[in-house]
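The hints should help you fit chain G onto chain V, whose structure is shown.
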Amino acid sequence: MRRKPLLQSEMLQGTLDMLILQTLILGPAHGHTIAHAIERGSEEVLQVEHGSLYPALHRLEDRGWIASFWGTSENNRKARYYRLTPAGRKQLAVQTGRWDQMVRAIGRILRPAAE
Amino acid sequence: MSWTRFFRRRHWDEERSREIEAYLEAETSDNIARGMPCEEARCAAHKKLGNRAQLREEIYRMNTATFFEGLWQDLRYAGRSLRRSPGFAAVAIASLALGVGANTAIFQLLDTVRMRTLPVHRPEQLAQIRITDPKNMRGSVDSDYGPLTNAIWERVRDTQQGFSGVFAWSGTGFNLATGGQARYARGLWVSGAFFETLGVTPVLGRLFTVREDRRGCGSPGAVISYEFWQKEFGGETGVIGHKVLLDGRPFDIVGVTGANFFGLEVGRSFDVALLLCSEPVLQSQSVLDQGSVWWLSAMGRVKPGWTMERAGAELAAASPGIFEATLPAKYPAGNRKDYLGYRLGAFPAGRGVSSLREEYSNPLWSLLAITGIVLLIACANLANLMLARASAREREIAVRLAIGASRIRIMRHILTESLLIAGSGAFLAIFVAGALGRFLVSFLSTEGNELAVDLAPDGRVLAFTAGLAILTCVLFALAPALRAGAAAPESVLRGGGRGLTPGRRRFGLRRALVASQIALSLVLLVGALLFSRSLRNLLTLDAGFRQDGILIAWVDFVKLGVPVDRRVDFQRDMLDRLRASPGVDSVSDVRFLMGEGSESNRIWIDGADQRRGISANFNYAGAAYFKTLGVPFVAGRDFDARDRVGSPRVVIVNEALTRALGLGPNPVGKRFRREVTPSDPEIVFEIVGVVKNTKYRNLREDFVPIGYYPTAQNTRPTEGDQILIRSNLPLSALTASLRRTFGEINPEIAFEFRAFKAYIGEGLLRERLMATLSGFFGLLAGVLAAVGLYGVVSYMVARRRNEIGIRIALGARRGQVVALIFRESALLLAIGLVTGAILTLAAGKIAASLLFGLKPYDPMTILFAMGTLAAIAAAATYLPAQRAAQLDPMAALREE
Chain V
1 MRRKPLLQSE
11 MLQGTLDMLI
21 LQTLILGPAH
31 GHTIAHAIER
41 GSEEVLQVEH
51 GSLYPALHRL
61 EDRGWIASFW
71 GTSENNRKAR
81 YYRLTPAGRK
91 QLAVQTGRWD
101 QMVRAIGRIL
111 RPAAE
Chain G
116 MSWTRFFRRR
126 HWDEERSREI
136 EAYLEAETSD
146 NIARGMPCEE
156 ARCAAHKKLG
166 NRAQLREEIY
176 RMNTATFFEG
186 LWQDLRYAGR
196 SLRRSPGFAA
206 VAIASLALGV
216 GANTAIFQLL
226 DTVRMRTLPV
236 HRPEQLAQIR
246 ITDPKNMRGS
256 VDSDYGPLTN
266 AIWERVRDTQ
276 QGFSGVFAWS
286 GTGFNLATGG
296 QARYARGLWV
306 SGAFFETLGV
316 TPVLGRLFTV
326 REDRRGCGSP
336 GAVISYEFWQ
346 KEFGGETGVI
356 GHKVLLDGRP
366 FDIVGVTGAN
376 FFGLEVGRSF
386 DVALLLCSEP
396 VLQSQSVLDQ
406 GSVWWLSAMG
416 RVKPGWTMER
426 AGAELAAASP
436 GIFEATLPAK
446 YPAGNRKDYL
456 GYRLGAFPAG
466 RGVSSLREEY
476 SNPLWSLLAI
486 TGIVLLIACA
496 NLANLMLARA
506 SAREREIAVR
516 LAIGASRIRI
526 MRHILTESLL
536 IAGSGAFLAI
546 FVAGALGRFL
556 VSFLSTEGNE
566 LAVDLAPDGR
576 VLAFTAGLAI
586 LTCVLFALAP
596 ALRAGAAAPE
606 SVLRGGGRGL
616 TPGRRRFGLR
626 RALVASQIAL
636 SLVLLVGALL
646 FSRSLRNLLT
656 LDAGFRQDGI
666 LIAWVDFVKL
676 GVPVDRRVDF
686 QRDMLDRLRA
696 SPGVDSVSDV
706 RFLMGEGSES
716 NRIWIDGADQ
726 RRGISANFNY
736 AGAAYFKTLG
746 VPFVAGRDFD
756 ARDRVGSPRV
766 VIVNEALTRA
776 LGLGPNPVGK
786 RFRREVTPSD
796 PEIVFEIVGV
806 VKNTKYRNLR
816 EDFVPIGYYP
826 TAQNTRPTEG
836 DQILIRSNLP
846 LSALTASLRR
856 TFGEINPEIA
866 FEFRAFKAYI
876 GEGLLRERLM
886 ATLSGFFGLL
896 AGVLAAVGLY
906 GVVSYMVARR
916 RNEIGIRIAL
926 GARRGQVVAL
936 IFRESALLLA
946 IGLVTGAILT
956 LAAGKIAASL
966 LFGLKPYDPM
976 TILFAMGTLA
986 AIAAAATYLP
996 AQRAAQLDPM
1006 AALREE
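Note that the protein sequences, when read in sequence, are chains V and G.
Counting with the numbering used here, you get residues 1 to 115 for the letters of the first sequence.
Counting with the numbering used here, you get residues 116 to 1011 for the letters of the second sequence.
Just so you know, these hints were derived from the structure itself, not from any lab.
Keep in mind that this is a model prediction, so the values were computed, not measured.
Just so it is clear, CB atoms sit at the ideal spot from N, CA and C, and this is done for glycine as well.
Mixed in with the good hints, there may be bad ones.
Said to hold, decoys possible - Label-pair ranges, simulated between beta-carbon atoms:
{"id": "1", "chain 1": "G", "residue 1": "R510", "chain 2": "V", "residue 2": "S42", "range": "49 to 57 Å"}
{"id": "2", "chain 1": "G", "residue 1": "R524", "chain 2": "V", "residue 2": "R83", "range": "33 to 41 Å"}
{"id": "3", "chain 1": "G", "residue 1": "R167", "chain 2": "V", "residue 2": "K78", "range": "16 to 24 Å"}
{"id": "4", "chain 1": "V", "residue 1": "W70", "chain 2": "G", "residue 2": "R524", "range": "33 to 41 Å"}
{"id": "5", "chain 1": "V", "residue 1": "W70", "chain 2": "G", "residue 2": "M151", "range": "23 to 31 Å"}
{"id": "6", "chain 1": "V", "residue 1": "W70", "chain 2": "G", "residue 2": "L190", "range": "32 to 40 Å"}
{"id": "7", "chain 1": "G", "residue 1": "L186", "chain 2": "V", "residue 2": "K78", "range": "35 to 43 Å"}
{"id": "8", "chain 1": "V", "residue 1": "R83", "chain 2": "G", "residue 2": "E136", "range": "17 to 25 Å"}
{"id": "9", "chain 1": "V", "residue 1": "S42", "chain 2": "G", "residue 2": "R167", "range": "20 to 28 Å"}
To be verified - For the chain V half of the interface with chain G, some residues (derived, Cβ under 7 Å), not all of them:
{"id": "10", "residue": "G31"}
{"id": "11", "residue": "H32"}
{"id": "12", "residue": "E49"}
{"id": "13", "residue": "H50"}
{"id": "14", "residue": "G51"}
{"id": "15", "residue": "Y54"}
{"id": "16", "residue": "P55"}
{"id": "17", "residue": "H58"}
{"id": "18", "residue": "A79"}
{"id": "19", "residue": "R80"}
If we strip away everything but chain G, and leave its shape as in the complex, we get:
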């Protein structure tokens, strides 16, 4: 077959027809010449020639690629027939677009946070260098990712063998504003080899080198990200050499990184990177030489010819020397053995680090399961619709079979139609996925902590979507196609679609589909209820403190250069001024807000055996902290002017601590000892007050023992503060008045406000996400199940018109007819609910870890979900049942 003929096949068809016409004329005239009468001569000629149409077809087929030709025809036919039933097409395509789109969006997010490798050179060679089993780390831990101290890092850098390059980094924030309202850039402290080892190249200027990263380097410059360059400098090419103010200090911009490099933390991008050696410029108390501040993370690129295991083994072997050399002088004696026993290891880090990954993996997998079920329900629904459509087209198909269409062709035809639906659905799904993906990202982003993930679909995501489309197509089209292929034209045409009661078997599949829809919907509905009840539990939970009408102010007065010994006074004066601000009820500062960090130490009753001590959590709080948050005192007093640096150390404890330590009914006045820390010797504290329990790290955990030290006795105050302000003023009025007050105290103070309630709420993002999305999908599932049930019951009513007509004619009451229909749907409902309940119990295990305050096998929830589905089913049955009851028996029977 030649392609030119393929495209000119119509021409060839005409050509051959003319030729055959010529033959007929010639043969006819020959016959006449032989003496036949004219009519007979023509007939004989036709007979001699054979079947003309078949002939033409045979030649035509020689000119075509039959398969593609047929496919094209089928597609056009499918398009036409879908246009003719726009309602069906819209429901089918929309439900697929939603189902596939939701799956794609969730998968895409999973893909970005879990599967993608970093956009750097040969990411598979990257290894994270961290302590394999970091137990009993003492000091302050400031990194989520394999924390190391600067001393350990420098030692690793100078002695390691297995890596062609190693680097360290730490995330931070740099204030871009010069005073007043703070504006933070997402910052990175990086060692000199950071960019070089990663193989990141600049789009402008240059990046840092190993040689620059020397102690006392001052401020050799800043590297900014592409995004920051665009946002802050409008992509100006003259930006190199410009200065950027970070925490009030100028840094020369030396280079801009490429557009796709976001740093090493998936979900958190960076704006500005500074060299580690610049750290003392910005921090009045540099942590470079503090052996018990764990703030760096390290990575390396494995040397060519080395494996990651070998590099790790080499690190482990070098560890005793490294930790021996870096043991801080004041490290608590009891923990020295732990410190010296630490072993470093190398762990694959090609996909970067991500707290997002740990926190959201589970929810995202659960959501993928949920959306998967939604898609299954949508497929069942579509299969049902297709079956209904196929039975409506039974006669058409029977006629086509009767006049010679092959069964394969009929099946192919139905599959093509499904392919068209699935294809259109998948196409729209890309947009649905885009919108849902953006929604998810904005949902998970919090103020000042934007989630930065690249949602551009990659090959894996597209393959996933296409795979889903094909899978759905097979799922919903196979049954109808097989059935159409097996149709018996004689019986269909003879029956004329009437008079015969549809066989149990033929109807059975549709009922099974609806029952499974109900079952799957129950699973989703129970899930949705569990997740929203779990969220409600957390929202209404008594955290022990009030959340309304409280504002957080983060204050930074590093520019004022207040010396260490005057900072406590400075803070106290500042709080006094704020307290005097109009509309302010009470003010206090505090070290840790929930979720910000924690501090824990071993304590024991003074004079008792140290081994009978407990581990307790600590916080620093100002006087009026408990009043501000509405935490009631059980006994004793609040902090007051007596508690200051130099006076005996005091502490206020919560009830959980008195109980855990076994202090008895009158704990006030009793004293406990706190273990040695890297910065302090053993200290005795006197309990001056007892307060009610409050949550410490997050809302989910139980009440833990907490001790509060007065901020006034803080021996190492920082050049900042975290202040809680309680007021009845509306938020905007309050912040305006506070802004004025800060300005009056000193215009160089930087500050940032946040509503306390919103801040606490951010700790529940995961729960909120699960509740919102599972609620949405549960609803969708319910609607789809209702549509499915409605379709099947309506169909059944239509098929049994005659029977129902006869029943009514024979005297059945309307109520009995309605009951008949309802019995049918109740049976489906019952089967679906029982199956669903079993599935729910099986699926419960997955959800358990995401629930708070209730078990996955919560009988009330399951019963409520069942009730809801029953109500939906009743609503879906009501209309067809009414239609059956209103049936005019004469009309129904006359049709017979």
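Next comes chain V alone, as it looks inside the complex:
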């Protein structure tokens, strides 16, 4: 059975944004790197249809959370790099906080016996 790309169908709106911001906290990266970093970081659970990354990048840049510049990649190719802006850093903190809260809340509901 074909696995559906999770990012497309099941991930919550805004989750992808958060993952991108988190990836960029380590330093500037271009789209290809970001896509693979997310896949690897999730131990291949989050299969990204890499294309969906670009509209998200566009949206984040539009909101001023990331900024972009053209640079040269590790194997000497031209690539568009993204870096986190201070506003993006703040946004990441907010979103991570909210996410943790939600995960705890859902966890309490799903495993009440553990108490």
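Using the frame of chain V, we list chain G on its own:
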């Protein structure tokens, strides 16, 4: 979405494309590094990325305001597709421009005469002060607008409580020429508070004040209108202090009013205003102290804190005192009770006064209805054209649907195209309305009585036009849009537009549209026929007098200062001189021409009971009046030298009077008494002649009883005369010769000429307007209906090509094919005519009041209109039917 990105969206599109390209390269080289073959590596990279086009689109859409973007695209697309079918576009836009333009023009005129308020300060506070129920008014009535005498006005001015200011005015004409051919300025007599109360300010100089308006003020000056200032003085700023000659007397110009102030009468502007107290300077017999000359109209501005009702109630309460104090000494005893019972009231006057409003409201509403129907027909026509266009584009739409266009988008697209058509039509309509509006105004203007209305479109008119455009757009575009949205692409593409006979339902709408076009056209055609027949009735009607070859001369000899007792002789000598002029057949003077005024009194047979009397109309006429107008004598004699001031009073009566009074077969020599008037006691008149009936006030009314007094027995002749001259000379030669004669009599005599026939014709303006315009619109409706029918029948023939081909191949004769087509159009015609006849009968009531000499349910007219439409329908069907009959069956079937 940021606007900078919106405007740089193309740049961003390129940027992202490059970025994605970079991704693909990176991914491919990674894959190769992992050991994939080159082709496979590229494929895997693409797969990983997903749908590129969709990606680009998604980002692009993030950068746009999708709705506006789509609208702009749709507009451009609509523009392109209209350019590709210029014929359709031209017909569509032109018919809308005509329809909307005609509606706008009529609405604009209605707006100006009915709805606009006066261009003065706070017009809603203005109230007309008039007698609420003025019955049995005696004396001479010289105002159309709530007439008052000067005595009543002065009393109101001095005693009223409810108004912060009151004023009176009266319209008149002032001769600007010093002698010879007269040239009249439109004049106003105004009281001192006129401008102040209205809140009108001068652009130059000053306006009148209350303090100036005192009896015996002489000639303190004249206020002129902006228009007159421009026309007569070229807008010269040094005009203040200049003199203007009015009826030969000099007046200092003291001020000029603002450009937008035209006076209080909608449709009639003013040139010069003089103070009421100057009236005795110009009139040898001042009417200021004549208690039975009703010549003023009055208005007031309601006091702050007062309502119009309260001000009116206050006036009514003060009325007994006012009328008690002003009752003229010689007021006829029988009417004193009426006079003392008059009550004044206050009536809203923010929109000014207008006889135009009363006279033309009905015709204008009717015309608006007519133009409304024309617009409906144009819409039906357009809807039909759009439907035809939509079916021609069925495949295009099906393809677009099949490759993923949304139905909403397709519908929006058709609506946009309609919007473009409606918008262009409405834009052009503004010019059509302007032209038609000017035509209407010039149509309603008569010589020396120009219709002065401001035709600059105001917000209401523009809103009306825009509303119409949107309405039409919805009307003609909705059906095609809904239909396109509901199209089933599979069946259209499979059918390929051929082989399938179009469903009844799909074709039904177009047929219904054509049938309703025919129905509405019938209504308009019947209307046009009724109005033109009504006009014809009036034109060919026997008014009792001849109209051709007669010239009217209005004469004013006030500058000569002829004393009252010598005026009759002066007039007689003048007539004798004119009679001796070369080419003149006969000459007579007369008091009232038709439409100029009337005089009526109660009369009864001398010696009989006064209560068995009748109300009769009177006129003053010279000897040869009946000869000049060709009115035959039934019995008795014409006026002659025996009839003069001091001799027994005589009268010539018409047959209607002898019948009404019951004078029997030999009325000549019988005598009747005339009631007391404010100026005369009871007088006995002897009938010396009987003439045939003639029309009195207008052509529309029935023959009424008329008595003619000889002008030679007029005890109060004026310093002017109204003369009818009959001659076989051409008009220009006659006027030239008469001008010379007047000059010889005295160069200071002022005169003005007018052809009698043209003068009488002016009384039929309303009828002429209705006949001309309804005729034009009826024709337009017929043409539009023909176009619609032609379109539908042609379409039907095209859709049934195969069927017809098979019929012909199987041996149908050409005649049978033609009959088949004609049957189709006859059915539509029949449905349309029946519906139309019902509508016509329903609409007849509205037109009834505007018709003369025929009923709105005139069967001949309706039948004739039906016949005309049938002929139009036959003509419209003939071409497509011929085309069907000429069809080559092989060619038609081979296409299958």
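How about R80(V): closest beta carbon in chain G under 7 Å, or not?
It holds, given that the least Cβ distance between R80(V) and chain G is near 5 Å, below 7 Å.
Holds or violated: 20 to 28 Å for the Cβ distance of S42(V) and R167(G)?
holds, 24 Å
Taking the Cβ atom of R167(G) and the Cβ atom of K78(V), is their distance within the range 16 to 24 Å?
Check passed, 19 Å falls within 16 to 24 Å.
Given the hint of 33 to 41 Å, is the C-beta distance from W70(V) to R524(G) inside that range or not?
holds, 37 Å
Assuming the hint says 33 to 41 Å, is it satisfied by the Cβ distance from R524(G) to R83(V) or not?
With a Cβ separation near 40 Å, R524(G) and R83(V) satisfy 33 to 41 Å, so the hint holds.
For the hint on E49(V), does the least C-beta distance to chain G fall short of 7 Å?
holds, 4 Å
How does the Cβ-Cβ distance of R510(G) and S42(V) compare with 49 to 57 Å: does it lie in that range?
At roughly 50 Å between Cβ atoms, S42(V) and R510(G) fall inside 49 to 57 Å, so the hint holds.
Hint validation: H32(V) versus chain G, beta carbon distance must be below 7 Å. Holds or violated?
holds, 4 Å
Hint check: 7 Å Cβ-Cβ cutoff, P55(V) to chain G:
It holds, given that the least Cβ distance between P55(V) and chain G is near 5 Å, below 7 Å.
Interface hint outcome for H50(V) [beta carbon to chain G under 7 Å]
Holds: closest Cβ of chain G sits about 5 Å from H50(V), inside 7 Å.
Any CB of chain G closer than 7 Å to the CB of G31(V)?
Holds. Min distance 5 Å.
Can we keep the A79(V) interface hint, with Cβ of chain G closer than 7 Å?
Holds, because the Cβ-Cβ distance from A79(V) to chain G comes to roughly 5 Å (cut-off 7 Å).
The earlier numbered hints are all upheld by this structure, with none contradicted.
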